[in-house]
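Q: Residue strings, one per chain:
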Amino acid sequence: MDGFAQYLPPLAQGLGMTALLVAISGVIGCIAGLILGLAATSPLPPARWASNIYTNIIRGIPPLVILFFMYFALPILFPLLTLSQTLTAVIGLSVYAAAYMGEIVRGSIRAIPVGQGEASEALGMRYYHKFRYVIIPQAMKIILPPGVGFLISLVKASALASVIGYDELTEEGHIVSTLNNQPLNVFLVVAVFYFVISYPLALLGRWYERRLA
Amino acid sequence: MGPDFSAALPYLPHLLHALAASVYITVLGFAIGALFGVPLALAKSGDVAVLNWASRVYIEAFRNTPLLVQLYLLYFGLGQVGLNLSPFWSAFAGLTLNNAAYTAEIFRAGFESVPIGLREASGALGLGPSQTFRYVVFKPAVRNVLPALTNQFIILFLFSSVASIISFNELTNALQELVSQTSLTLALFTFGAALYYTVSALIAMASRLAEKTLFRW
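For the record, the sequence lines run as chains H and B.
The numbering of the first sequence is numbering that gives the first Met the number 0, which starts it at 0 and goes up by one.
The numbering of the second sequence is numbering that gives the first Met the number 0, which starts it at 0 and goes up by one.
Looking at chain H on its own, in the form it has when it is part of the complex (with noise of 0.2 Å):
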């Protein structure tokens, strides 16, 4: 392993990069995936519709596919929309985490019995306070195991923002391994940060779901 520490300070640095990418896009998908977990159960068909169409077709379309048609296709499109790595990465990500979560969120809420929301009806609660104070906090504790494991997904999806040169983990590890020519060395380094980040997540969620039970 010689050289290894002059090539960890770049991989560490990718690390930080894929932490703030996995961070930003993951609370952003979270957010939209709750719009869009409440939009298809709502009683308005064009926001069901809406919102099935939306996760349905982005869970049926590869997340590399989404980043290249974001980076290359779009601008063509909308000649203003010319984004950089960065946003590309971000917005790609979102786009991308808004329709997974949005499907864990809408099964969360599904699974919720009517009772709850139509004793809340008949106590004058509002559509807001329905969903505010009966609904939302039950359907939180279904959320929160399938939503570490995605945000696990998240993690290993962000490797390809290297692919239109966003500058994170994996990228720095293409970087370096082409300096030192030692890609097995290199990579093995990358995969433990990898696993640093995501292990953690694993046994919180796997912790979560024990106390439930």
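No lab work stands behind these hints: they were computed from the structure.
Quick reminder that beta carbons are idealized off the backbone N, C-alpha and C, glycines included.
Honestly, I wouldn't trust all of these hints.
What the hints assert, rightly or not - So, partial list: chain H residues that the calculated Cβ filter (under 7 Å) puts toward chain B:
#1 I60
#2 L63
#3 V64
#4 I75
#5 K140
#6 Y198
Chain H is already provided as a structure; the job is to place chain B on it using the hints.
A: Coordinates of chain B only, in the frame set by chain H:
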């Protein structure tokens, strides 16, 4: 400037050909990976300490690192120690090893979903361990986790696009190649996305059909 779909239409046969390569590598990787997934699942829930530990390490290592990094390790990394795998073999090995870890967790959940009483009853009726596993545990377990297996199959199909990065010539790779040659960027990527979507929708449909017909007893 709108998308020039009609100009991209002549490339559709080429894209379909590349799509076949995507489906091919996915089916291969899924089938052989799932084959490894069963013993991995049994090892993880079994009580042989060494096997238990080894399967845990394998499953966690592959489930907590990106497929892209796994493919880089196979394609570039192994080259460092003199083992040069072609894009096809790297992609095939990567998808197989990756899928083995994911299906192992699915199978394990499936085996655990079969009540212990059923196994005991099967033993009491005089079925041997292998017969019990085959008829009493395996088939109901697979039926219970069929939706999860289908999901994993679709995800593997979508992520087979990552093999384009190590220049395996599947759909995404063909798209990039054609885009750089023709600059019909928007139309080609739209076709590509539509092809991926169609196949994953078909897989989902086939699975619902299988659930109704394959496991009726």
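Q: Looking back at the numbered hints, which does the structure fail to meet, lowest number first?
A: Violated hint (a single one): 5; every other hint is consistent with the structure.
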